[in-house]
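Protein chains in written order, with the numbering used here: chain A, 15 to 358; chain B, 404 to 717.
In silico lysine-lysine, DSS-like type, Cα no more than 27 Å apart, as pairs:
{"id": "1", "chain 1": "A", "residue 1": "Lys44", "chain 2": "A", "residue 2": "Lys114"}
{"id": "2", "chain 1": "B", "residue 1": "Lys658", "chain 2": "B", "residue 2": "Lys576"}
{"id": "3", "chain 1": "A", "residue 1": "Lys98", "chain 2": "A", "residue 2": "Lys44"}
{"id": "4", "chain 1": "B", "residue 1": "Lys576", "chain 2": "B", "residue 2": "Lys498"}
{"id": "5", "chain 1": "A", "residue 1": "Lys114", "chain 2": "B", "residue 2": "Lys498"}
{"id": "6", "chain 1": "A", "residue 1": "Lys174", "chain 2": "B", "residue 2": "Lys498"}
{"id": "7", "chain 1": "A", "residue 1": "Lys281", "chain 2": "A", "residue 2": "Lys44"}
{"id": "8", "chain 1": "B", "residue 1": "Lys576", "chain 2": "A", "residue 2": "Lys174"}
{"id": "9", "chain 1": "A", "residue 1": "Lys98", "chain 2": "A", "residue 2": "Lys114"}
Okay, the calculated beta carbon distance ranges per label pair:
{"id": "10", "chain 1": "A", "residue 1": "Asp259", "chain 2": "B", "residue 2": "Gly579", "range": "46 to 54 Å"}
{"id": "11", "chain 1": "B", "residue 1": "Arg563", "chain 2": "A", "residue 2": "Lys114", "range": "29 to 37 Å"}
{"id": "12", "chain 1": "B", "residue 1": "Pro653", "chain 2": "A", "residue 2": "Pro20", "range": "54 to 62 Å"}
{"id": "13", "chain 1": "B", "residue 1": "Gly664", "chain 2": "A", "residue 2": "Asp291", "range": "20 to 28 Å"}
{"id": "14", "chain 1": "B", "residue 1": "Pro667", "chain 2": "A", "residue 2": "Val289", "range": "20 to 28 Å"}
{"id": "15", "chain 1": "B", "residue 1": "Arg639", "chain 2": "A", "residue 2": "Arg331", "range": "28 to 36 Å"}
{"id": "16", "chain 1": "A", "residue 1": "Glu264", "chain 2": "B", "residue 2": "Asp458", "range": "54 to 62 Å"}
{"id": "17", "chain 1": "B", "residue 1": "Pro667", "chain 2": "A", "residue 2": "Leu261", "range": "40 to 48 Å"}
Note that these hints are calculated values from the structure, not bench results.
Using N, Cα and C, we set each Cβ at its ideal position, and we do this for glycine too.
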Amino acid sequence: MADNYPARVTLVDVSLRDGSHAVRHQFTEKQVAQVAAALDAARVPVVEVSHGDGLGGSSLQYGFSRQPDLEWVRAAVEHAPSTKIAVLLLPGIGTRQELKQARDAGAQVARIATHCTEADIAEQHIELAREMGMTVCGFLMMAHMISPGELARQARIMEKAGAHVVYVVDSAGALLIEEARERVQALRDALDCEVGFHGHNNLGLGVANTLAAMEAGATWLDGSLCGLGAGAGNTQLEVLVAVLDRLGVETGVSVYGAMDAAEDVVKPLLPRPIVIDRDALVIGYAGVYSSFLLHARRAAERFGVEVRDILVELGRRRTVGGQEDQIIQVAYEIAQRAGVSPGA
Amino acid sequence: MSRWMFTLALDAPGAGGTTMSVGVGILGSGNIGTDLMFKIFRRPRLKLRMMAGIDPQSEGLARARSLGVPTSTRGIDAILEDPEIRVVFDATSAKAHLRHAPLLREAGKLAIDLTPASVGPPVVPVVNLDSYQRAENVSLATCGAQATVPMVHAISRVARVEYAEIVATIASKSAGPGTRQNIDEFTVATARALERVGGAARGKAIIVLNPAEPPILMTNTVYALVSDVDPAEVERSVQAMVERVQRYVPGYRLKVPPLVGEGPAGTGRVVTIMVEVEGAGDFLPRYAGNLDIMTSAAVQVAEDLAAGDRASVA
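Between the sequences and the hints, there should be enough to build the whole structure, so can you do that?
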């Protein structure tokens with residue numbers, strides 16, 4: 015079996031980016047510094063830091079950040095000297111201007127994300143990141159929504175634009191093991207560059223899908239400490255580190271260091287246990303963007319309707335990442351039909 | 404006199420009676436140019452004298468010829484040679500319009516620019532056409548701005564808007580290469596229009612593409628942070644504005660009426676509005692409300708100026 019595995023993989027921690035969703039983008043600079051330092055001590059090679067919806071994500075639509083992205087980036091750069099700091103950018107939300115500023119603040123890795131069918135809106139951003147000497151990851155979100163072949167065609171657009179890595183991103187935590195494997199395999203066959211996998215745990219498959227992706231050729235793997243992330247959280251990084259160690263795959267990350275960073279630094283920050291509760295499970299089951307979870311809970315309360323009804327309807331409407339406003343519209347419409355009057 | 408004047412319509416040969424019309428031309432023979440053509444046909448005050456492109460194989464030019472519209476493949480040159488063309492719709496590209504703008508100005512023709520070139524100040528006809536009565540170049544604000552600035556303006560005329568944020572969601576199929584390759588320019592220009600035209604102290608714009616089949620209609624969410632507001636007053640102002648936009652964009656619909664809620668701590672109150680834009684289906688498909696609202700606005704500007712009746716939209 016071991017010959018299926020790459021000799022070495024690059025692990026990316028997303029606790030300070032995807033995890034930002036779980037804390038409604040309210041990390042303090044001090045918390046960012048502590049987590050980044052713990053990840054640096056554990057020798058995690060790449061640490062992503064941004065608003066959950068990327069640079070420029072601070073908004074009424076997605077939630078205002080406690081502090082500007084750049085302050086978080088600077089804090090992470092300062093406290094994680096041997097780690098590369100990554101930033102996320104979603105074209106349509108953030109702009110190249112913000113990417114330049116992040117680069118100036120010390121970010122070395124750019125992750126440029128689009129819905130899985132819209133890779134061409136990222137070409138300019140990928141090109142700029144490349145020109146600025148950054149390592150560039152293309153991020154194809156909601157990858158469960160299209161076939162492996164279509165996904166590979168979109169991945170080619172990102173590779174041509176200059177991406178060093180193209181990711182299969184299971185934003186909804188909806189992929190089953192075989193589906194994750196097929197998508198990574200399709201990209202592996204179509205691309206010369208590296209392939210990555212970003213998982214969510216809404217169906218309890220975060221680590222399993224990540225291993226399947228690795229077997230199919232993914233060499234950049236995302237995770238977060240304690241699973242801190244949108245929905246039921248991400249692939250749990252310290253678990254992945256331990257499993258890869260047992261499998262004999264080189265990550266360069268200290269197993270105990272990752273455990274300690276999770277237990278001692280991130281666990282005390284958790285606003286609530288990161289578990290697969292009913293709403294998170296519905297997200298994976300219905301194939302809805304994971305960061306809709308907290309927004310849907312808030313809308314359910316405001317309009318006096320069921321969270322699950324909102325999420326299932328969002329899935330039926332084939333909403334994509336970034337459409338948090340649809341949560342309000344759906345909740346409003348359900349409430350209108352039910353004759354419930356919205357609260358303030 | 405190089406400046407285009409509204410009185411030109413009245414100076415037209417044969418002035419008198421109700422058949423006065425102003426000669427217009429379309430630069431660009433793509434989908435936008437073609438949709439403009441069908442909209443112009445329905446406006447008796449506008450006489451379409453030419454569609455000019457550069458591609459002899461253009462389907463748009465062939466369609467125009469089959470409908471009796473003179474065409475040319477010599478682009479701007481052909482338009483410049485016809486003195487009867489007083490108003491020119493530019494549906495080419497930002498780069499091309501930067502070249503066209505000074506030539507049209509010298510020729511004394513009014514440019515109505517549908518590209519993102521931003522040669523003139525941004526215009527959302529229902530809000531600020533009046534401010535540019537003597538403009539030589541009417542630069543239509545982005546489709547996102549056309550759909551949302553009227554709502555921001557409707558709020559800002561009854562409350563101080565500290566911050567306006569809009570999310571425009573459009574069908575992937577309605578986003579051409581121009582939008583896809585210039586998405587940052589779109590969000591930045593839209594944000595500036597929320598400030599300059601909408602009256603918000605600060606603006607932010609987000610665009611989302613959704614590939615669902617059948618294609619979704621353009622949906623726009625407007626959030627406005629206000630210090631204080633009378634919900635009934637906002638509701639009246641918004642409803643009145645929606646009706647005015649509907650005069651030239653019949654498919655402009657309020658999906659969620661103004662909801663007034665508490666903003667994040669310390670930010671005051673938030674007004675949330677959602678509007679949907681269904682296209683008229685003249686040539687562009689109905690789901691492409693984002694394109695229809697541009698061509699509708701352009702034709703409305705031309706007709707209002709030609710009629711000297713600026714009150715009809717403003």
